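Asker: As a plain string of letters, each chain reads:
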Amino acid sequence: MTPEFIAQATRVIADTFGSEQVRIATEGPRTLVRIAVVELYLGSRPPTTPMLLVFDPSQPKPAVYVQPGQLLANGKVPTSTSTTLIGNESWLQFSFNIPWAEQHGILRFIAAARQRFVQDA
Amino acid sequence: MRKVQLRLPLGLGHQLRELVFARARHEIVAFCLVSHELVGDTTILLVRRVVALDDADYLDEPSLGAAWKGSAMLPVIEMAMREGLGIVVVHAHDFPGKARLSADDLASARRLVPMFRARVPGRPHASIVLGRGTAAGLVALPGRNARRYDDVSVRWLGKSIVDWPSTEGDPAFDLEVFDRQALVVGDQGLLSRARVVVVGLCGGGSHVVQQLTHAGVGWIIGIDDDICDRTNLHRQIGMRPVDARKPTPKIKVMSRLVRSIGTGSRFVGIKARVPAPATLDALKSADVIIGATDNVHGRADVMDIAWRNLVPYIDVGANIRALERPASEPRVAIGGNVHVFIPGGFCGWCTGFISDEKLNAERDGRADRSYFQNKGGEAQVVSFNAVVAGQAVSEALQLLTAYRGSSIDPAALALGDGRQRGVLKFDGLRGTLEEWGGARREECPHCNEALSAGSVVWQTVPARRRG
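Going down the list, the sequences are from chains A and B.
According to my numbering, the first sequence holds residues 1 to 121 in order.
According to my numbering, the second sequence holds residues 1 to 467 in order.
There could be a bad hint or two in this list.
[Claimed, not checked] With a straight-line cut-off of 30 angstroms between C-alpha atoms, the simulated DSS-like cross-links for lysine-lysine are:
no.: 1; chain 1: B; residue 1: Lys-271; chain 2: B; residue 2: Lys-252
no.: 2; chain 1: B; residue 1: Lys-358; chain 2: B; residue 2: Lys-271
no.: 3; chain 1: B; residue 1: Lys-98; chain 2: B; residue 2: Lys-3
no.: 4; chain 1: A; residue 1: Lys-76; chain 2: B; residue 2: Lys-271
no.: 5; chain 1: B; residue 1: Lys-358; chain 2: A; residue 2: Lys-61
no.: 6; chain 1: A; residue 1: Lys-76; chain 2: B; residue 2: Lys-252
no.: 7; chain 1: A; residue 1: Lys-76; chain 2: B; residue 2: Lys-3
no.: 8; chain 1: A; residue 1: Lys-76; chain 2: A; residue 2: Lys-61
None of these hints come from the bench; they were simulated from the model.
Since we're looking at a predicted model, the values are computed, not measured.
Hey, can you work out the whole structure from these sequences and the hints?
Answerer: In structure tokens form, the structure reads like this:
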């Protein structure tokens with residue numbers, strides 16, 4: 001990911017979710033983008049979550065995290081998740097193969113990540 | 001009102017104190033570049049760099065304590081902007097009485113602090129004067145106007161933790177109980193006000209909790225997400241058979257143990273695994289962390305929190321493995337470690353105690369952290385755990401009470417060959433604990449990224465340029 005792509009993706013996120021909902025931070029070479037409220041699919045508990053996207057120029061695609069404690073639509077704890085530390089904060093990492101191509105854009109990536117919580121495992 | 005603490009890692013504290021308390025024809029000024037973290041009602045200013053002015057940068061103004069060229073600050077301001085750090089101007093009044101900014105200091109601070117804040121708005125900025133054991137200043141916290149703080153606390157990390165002003169004891173403790181340890185501990189108040197977080201409450205951690213309670217540590221926060229199993233009974237201090245029959249969280253066993261000892265220590269249990277949010281808050285608020293976990297991921301997380309927030313971290317572990325030997329020789333190797341990680345000194349990554357290879361092995365080669373597993377089922381024996389756990393508590397007592405002496409000079413921890421005291425190797429067959437020492441690697445990515453990093457600063461997304 002190039003710095004230009006990261007800057008553009010951040011801008012698209014702010015335009016879509018609203019500037020007041022989106023905050024950015026840098027840590028070393030990484031750009032962190034926090035969306036205050038992302039709606040998940042019907043039934044997810046809770047139904048909304050803060051979401052963190054980490055853009056690392058050395059990685060082929062962004063990493064995505066949600067607030068710890070997020071449950072699936074069926075009320076179960078998702079498998080293959082773990083709490084991890086990013087920027088002195090706790091975030092929930094989840095295992096989910098999200099297709100990625102820069103030309104598809106960041107919004108499609110976020111939409112795919114939200115689908116993790118309608119899976120039944 | 002929010003409190004403010006200036007916190008300095010091993011090395012930088014000594015550098016700052018040597019600079020500003022040096023005898024010269026004028027006061028010496030140092031610039032500390034800081035990140036920050038909010039812990040309870042206290043904003044902690046975490047010092048990442050100390051920058052001194054050249055002698056030629058000072059102006060000859062006999063009517064002022066110190067005056068310097070404005071241009072001399074440009075490199076400092078540029079560095080602060082590049083790294084997203086706050087600027088704290090520090091000088092010293094080396095005379096008796098409570099430290100306070102003079103009228104000239106205050107006038108200077110009222111010019112400089114808003115100017116710094118305009119450059120890096122998300123971080124705190126300040127002008128602080130150090131006295132003899134006290135500090136005061138003008139501080140602008142993020143999102144707040146600059147205001148005077150007559151009591152800025154300072155924490156210096158070194159051979160022990162040195163607090164300005166020194167902490168007062170908790171009157172709820174019956175001091176007579178601790179009479180027989182007074183020769184070592186000195187002021188029991190240093191322990192009764194202390195807050196020690198213990199991560200992992202089974203074979204090693206349960207000994208640690210028991211001993212901290214006997215020693216009279218004020219607050220013990222235990223973190224463990226596990227419940228008791230009958231196979232823990234041979235090594236978990238305080239456990240009863242009923243705790244396995246009616247599955248009981250390990251934190252409950254520790255709570256009962258602390259109450260039953262009855263020295264006045266208070267126990268708070270957190271049934272979670274590091275770095276869950278509740279554990280993070282507890283670790284950031286600790287005076288000392290003692291880790292007795294059985295996995296590298298947990299250690300790496302605690303190390304990161306300790307370095308970011310400048311909290312000393314003592315790690316303890318024992319291990320036993322089988323040997324193929326004749327019957328007349330030992331059938332096992334019994335080893336263990338006590339690491340004393342003082343932020344600013346060597347970290348677990350510097351010494352190889354934590355490495356990507358070890359983390360990968362724990363994930364069984366998978367890229368995703370969610371696959372990591374604890375090492376269950378390893379051999380453990382209560383007596384060997386007791387030796388290393390007891391040493392870990394002794395190291396915590398040193399940090400909190402300085403019974404081996406107090407100094408913030410890194411030389412006080414030097415072993416020679418560039419090694420620093422703090423890696424103790426246990427040999428259970430010989431019955432020895434030997435000091436091996438560790439060395440900080442200047443190029444260590446963890447030290448360079450995490451030390452005094454605090455929390456990141458969240459900012460609004462810059463508006464799109466038009467035209």
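Asker: Indicate, hint by hint, whether the structure satisfies it.
Answerer: Structure-based check of each hint:
The suggested pairing of Lys-271 (chain B) with Lys-252 (chain B) holds, with an alpha-carbon distance near 9 angstroms, which does not exceed 30 angstroms. Taking the CA atoms of Lys-358 (chain B) and Lys-271 (chain B), the gap is about 26 angstroms. The hint holds against a cut of 30 angstroms. Between the alpha carbons of Lys-98 (chain B) and Lys-3 (chain B) the distance comes to roughly 17 angstroms, so the proposed pair stays at or under 30 angstroms and holds. For the proposed pair Lys-76 (chain A) and Lys-271 (chain B), the alpha carbon gap of about 19 angstroms is at most 30 angstroms, so the pair holds.
Distance hint between Lys-358 (chain B) and Lys-61 (chain A) is fulfilled; the C-alpha atoms sit about 25 angstroms from each other, no more than 30 angstroms. Our distance criterion of 30 angstroms between C-alpha atoms is met by Lys-76 (chain A) and Lys-252 (chain B), whose separation comes to about 26 angstroms. The straight-line distance between the Cα atoms of Lys-76 (chain A) and Lys-3 (chain B) is roughly 42 angstroms, outside the 30 angstroms bound, and the hint therefore fails. For the hint pairing Lys-76 (chain A) with Lys-61 (chain A), the CA-to-CA distance comes to about 28 angstroms; that is within 30 angstroms, so the pair holds.
In this structure, the one hint that does not hold is number 7.
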